[in-house]
Amino acid sequence: MPTKRALLIGAVETTRIAFDAITRHPGWDVAALVTLDPAHAARHSDYVDLRPAAMEQGCRIVHVDNINREDALSAIRDAGADIAFVMGWSQICGAAFRDLFPGRVVGYHPAALPRLRGRAAIPWTILQQEPITAGTLFWIDAGTDTGAILDQQYFHVAPMETAASLYAKHMRALALMLDRSLERLAAGDAPRLAQDESCATWAARRTPKDGLIDWRRPATEILRLIRATGHPYPGAFTRSNGAELHIWAAELSDMGGRHAASAGQVIARTAENFTIFCDQATALTVTQWSGVDKPPRLHAILGE
Numbered sequence: 001m002p003t004k005r006a007l008l009i010g011a012v013e014t015t016r017i018a019f020d021a022i023t024r025h026p027g028w029d030v031a032a033l034v035t036l037d038p039a040h041a042a043r044h045s046d047y048v049d050l051r052p053a054a055m056e057q058g059c060r061i062v063h064v065d066n067i068n069r070e071d072a073l074s075a076i077r078d079a080g081a082d083i084a085f086v087m088g089w090s091q092i093c094g095a096a097f098r099d100l101f102p103g104r105v106v107g108y109h110p111a112a113l114p115r116l117r118g119r120a121a122i123p124w125t126i127l128q129q130e131p132i133t134a135g136t137l138f139w140i141d142a143g144t145d146t147g148a149i150l151d152q153q154y155f156h157v158a159p160m161e162t163a164a165s166l167y168a169k170h171m172r173a174l175a176l177m178l179d180r181s182l183e184r185l186a187a188g189d190a191p192r193l194a195q196d197e198s199c200a201t202w203a204a205r206r207t208p209k210d211g212l213i214d215w216r217r218p219a220t221e222i223l224r225l226i227r228a229t230g231h232p233y234p235g236a237f238t239r240s241n242g243a244e245l246h247i248w249a250a251e252l253s254d255m256g257g258r259h260a261a262s263a264g265q266v267i268a269r270t271a272e273n274f275t276i277f278c279d280q281a282t283a284l285t286v287t288q289w290s291g292v293d294k295p296p297r298l299h300a301i302l303g304e
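Going by our numbering, the sequence shown opens with residue 1, and the numbers climb by one from there.
Treat the hints as calculated values from the structure; they're not laboratory data.
All the pointers check out, no bait thrown in.
Below, simulated EDC-like cross-link-like pairs (lysine to aspartate or glutamate); rule was C-alpha separation at most 16 Å, straight line:
| hint | residue 1 | residue 2 |
| --- | --- | --- |
| 1 | Lys169 | Glu130 |
| 2 | Lys4 | Asp179 |
| 3 | Lys294 | Glu272 |
| 4 | Lys294 | Glu244 |
| 5 | Lys4 | Glu183 |
Construct all of the structure, not just a fragment, from the sequences and the given hints.
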């Protein structure tokens, strides 16, 4: 069986997972890695520099900042790949790109398509309290995450799941799917299962500003926001004495019912943590934070 030549596009951890899977799989090699120059790393909160791994494997590296520009398309055309894998790229692949690989562009989405098509699927999975999710490999078409499904790997979302722990589950699921799918793609019997449009939902784009904490919400909701927006994402934040305070980990406290306080007010503090009064007489103890060296002073009101 002739070797399959893959074009791999991306600049995040999913790209690394795909690169490792393709390079270790018999009958496959990476014709070219299309990725971001480190100067543009800020485009992705989970950016991974894959150049060392690509150079070690002797893979061609193509730096682009717009996958649909003619110079990028020309370099991709010259790579002579059989199939394209788009794994961790924030731009929509336009018609000119897809025409280079008609019916042969595989994408990855960290949700159980057709649920949560669109952006920020991992934070939205936690915010929407999805009990079960999946990673999905699919055939990219003209829509946004609408193409036929190549493979899915389902798993449970833990009650106190964080963005980091859910991200790790998705990476394991992606590795499993790629091992299965590369074999089927090489054999020419890869599935193309149409998505059920009646089950489709959509996830809107999120920005760092969406991590702003509203202390007028119950502690359970605020904790959910903290869990959903933490590493590798920008994080949930508030303001403390004029400084931006990012909260990375917290836990529910039973102190709220024993205090009369304003929303966002610090009702307890130690050197290691501090507790904040929230809506409905609930409270949240912050255990990991950044932006200020010491816990806010007792009775300070955060967010002002």
